[in-house]
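**Q** Sequence:
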Amino acid sequence: MIKVWIQFFHELALKGQNRKAYLRRTKDHLARALKGLGVRWERDFGLAVLLAFPEEAWPEAQGRLGKTLGVERFARVVETPQDLEAVKKALLPLLERPPSSFRVTAKRTDKTFPLTSPEIERLLGAFIQERTGAPVRLKGAEREFVVRILPGRVLLEGEAYPGPGGFPPGSAGRVVALLSGGIDSPVAAHRLMRRGAEVVFVHFHPYPLLEGLGREKAKALVAHLLPYQHRARLYLVPFGEVQEAIVLNAPKDYRVVLYRRFMLRLAERIAEEEGALALVTGDSLGQVASQTLENLHAVNEAVRLPVFRPLIGLDKAEIVALARALGTYEISIQPDEDCCSLFVPEHPVTRARLSVVKKAEEGLPVEELLAKALSGRERLDYAWP
Numbered sequence: 001m002i003k004v005w006i007q008f009f010h011e012l013a014l015k016g017q018n019r020k021a022y023l024r025r026t027k028d029h030l031a032r033a034l035k036g037l038g039v040r041w042e043r044d045f046g047l048a049v050l051l052a053f054p055e056e057a058w059p060e061a062q063g064r065l066g067k068t069l070g071v072e073r074f075a076r077v078v079e080t081p082q083d084l085e086a087v088k089k090a091l092l093p094l095l096e097r098p099p100s101s102f103r104v105t106a107k108r109t110d111k112t113f114p115l116t117s118p119e120i121e122r123l124l125g126a127f128i129q130e131r132t133g134a135p136v137r138l139k140g141a142e143r144e145f146v147v148r149i150l151p152g153r154v155l156l157e158g159e160a161y162p163g164p165g166g167f168p169p170g171s172a173g174r175v176v177a178l179l180s181g182g183i184d185s186p187v188a189a190h191r192l193m194r195r196g197a198e199v200v201f202v203h204f205h206p207y208p209l210l211e212g213l214g215r216e217k218a219k220a221l222v223a224h225l226l227p228y229q230h231r232a233r234l235y236l237v238p239f240g241e242v243q244e245a246i247v248l249n250a251p252k253d254y255r256v257v258l259y260r261r262f263m264l265r266l267a268e269r270i271a272e273e274e275g276a277l278a279l280v281t282g283d284s285l286g287q288v289a290s291q292t293l294e295n296l297h298a299v300n301e302a303v304r305l306p307v308f309r310p311l312i313g314l315d316k317a318e319i320v321a322l323a324r325a326l327g328t329y330e331i332s333i334q335p336d337e338d339c340c341s342l343f344v345p346e347h348p349v350t351r352a353r354l355s356v357v358k359k360a361e362e363g364l365p366v367e368e369l370l371a372k373a374l375s376g377r378e379r380l381d382y383a384w385p
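Once you know that position 358 of the sequence shown is 358 in the working numbering, the rest is easy, because the numbers rise by one and skip nothing.
Mixed in with the good hints, there may be bad ones.
When the alpha-carbon atoms are kept at most 27 Å apart in a straight line, the in silico DSS-like pairs for lysine-lysine are as follows [as the list claims (entries may be wrong)]: (1) 372 <-> 359; (2) 3 <-> 89; (3) 27 <-> 67; (4) 3 <-> 88; (5) 139 <-> 89; (6) 107 <-> 252; (7) 107 <-> 20; (8) 67 <-> 88; (9) 27 <-> 15; (10) 316 <-> 219; (11) 67 <-> 219; (12) 107 <-> 15.
Hints listed in this document are in silico derivations from the structure and should not be mistaken for laboratory results.
Given the sequences, and given the hints that come with them, work out the whole structure.
**A** So this is what it looks like as structure tokens:
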């Protein structure tokens with residue numbers, strides 16, 4: 001069996017009287033993530049757990065742990081008696097690939113152990129240096145050897161891996177995210193997931209004006225994000241008739257602002273049904289014409305629920321880097337037929353006036369259009385693993 005030390009998100013330590021509830025939810029989420037892998041729960045340390053996996057399950061377990069919210073880091077460990085010579089012996093296989101630089105970090109939970117943490121670090125550091133000739137580097141070392149002195153045992157970490165961190169799904173309530181199929185919106189949704197929000201997705205497609213190839217992309221994006229929260233719901237909402245009404249009855253330069261107001265209204269109706277308390281978009285201030293401060297204000301005015309924009313202060317290069325790390329970038333750049341790019345004027349308004357917006361909407365059957373779009377929606381439910 002492979003033994004693995006799993007450290008939970010550091011912010012869980014700050015939860016005070018709510019800590020137990022957060023940890024319980026985190027451990028339940030972890031158990032669901034590892035379901036079917038034959039895992040054995042060895043010991044619970046509060047903000048960390050020690051698990052054992054069958055050797056053949058480790059590659060799959062490693063992939064799952066890397067997407068399990070609440071897990072900050074995890075590492076394979078070797079268990080030894082509380083004896084420094086035993087620890088040195090356990091180190092030898094780890095030194096077969098000599099590091100270019102290293103550090104030793106001792107964490108002495110058992111205060112009855114006769115050596116202090118600095119003493120353990122010096123003695124083991126000297127042993128590693130003698131064996132490998134590698135220099136000690138306290139900052140930026142290639143390898144860190146973590147030694148945990150626990151009651152009755154020592155755990156020596158081998159390879160360590162980052163988890164996604166964050167809080168477990170649903171611990172911060174539910175939100176509805178507008179999923180365009182572009183680069184920004186899945187990154188925004190993921191950032192809310194990491195803060196413990198359970199995300200419900202809404203995608204608007206231009207049917208019946210176009211086939212709406214973006215629907216397949218939206219499904220692929222939700223499927224990619226699914227391992228982070230284990231269940232998800234995607235609403236596919238036809239938006240073509242709303243767009244057609246706006247094109248025929250509203251000022252050309254205000255089309256995109258009006259599109260987005262209707263999208264938020266529709267998302268808010270779905271949020272009310274889902275018990276969600278906020279909407280989420282991938283807007284970045286000033287990135288495109290529809291995302292100026294004036295236009296965002298005009299769009300927000302259409303709904304009562306708060307609109308979260310977790311990418312608002314990031315530039316495109318930063319968002320692309322996040323999308324690449326998340327693995328959604330290659331899906332997002334696939335060509336499709338996007339609602340907001342349909343019938344876009346050459347010079348869209350950048351400083352929308354609310355008086356013009358409201359006057360334009362007076363000529364539209366707002367409630368009828370919303371009801372028709374909602375009646376044609378499709379709901380898809382996902383579960384993982």
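**Q** Would you mind marking each hint as holding or not holding in the structure?
**A** Structure-based check of each hint:
1. 372 <-> 359: With Cα atoms ~22 Å apart, residue 372 and residue 359 stay inside 27 Å; holds.
2. 3 <-> 89: The hint holds at about 18 Å.
3. 27 <-> 67: Holds, at roughly 14 Å.
4. 3 <-> 88: Given pair residue 3, residue 88 holds - Cα atoms ~18 Å apart, limit 27 Å.
5. 139 <-> 89: Given pair residue 139, residue 89 holds - Cα atoms ~26 Å apart, limit 27 Å.
6. 107 <-> 252: Status violated; Cα separation ~65 Å.
7. 107 <-> 20: holds (23 Å)
8. 67 <-> 88: violated (33 Å)
9. 27 <-> 15: The given pair, whose Cα atoms are some 15 Å apart, holds under the 27 Å limit.
10. 316 <-> 219: holds (23 Å)
11. 67 <-> 219: Holds. Residue 67 to residue 219 sits at ~19 Å (cutoff 27 Å).
12. 107 <-> 15: holds (23 Å)
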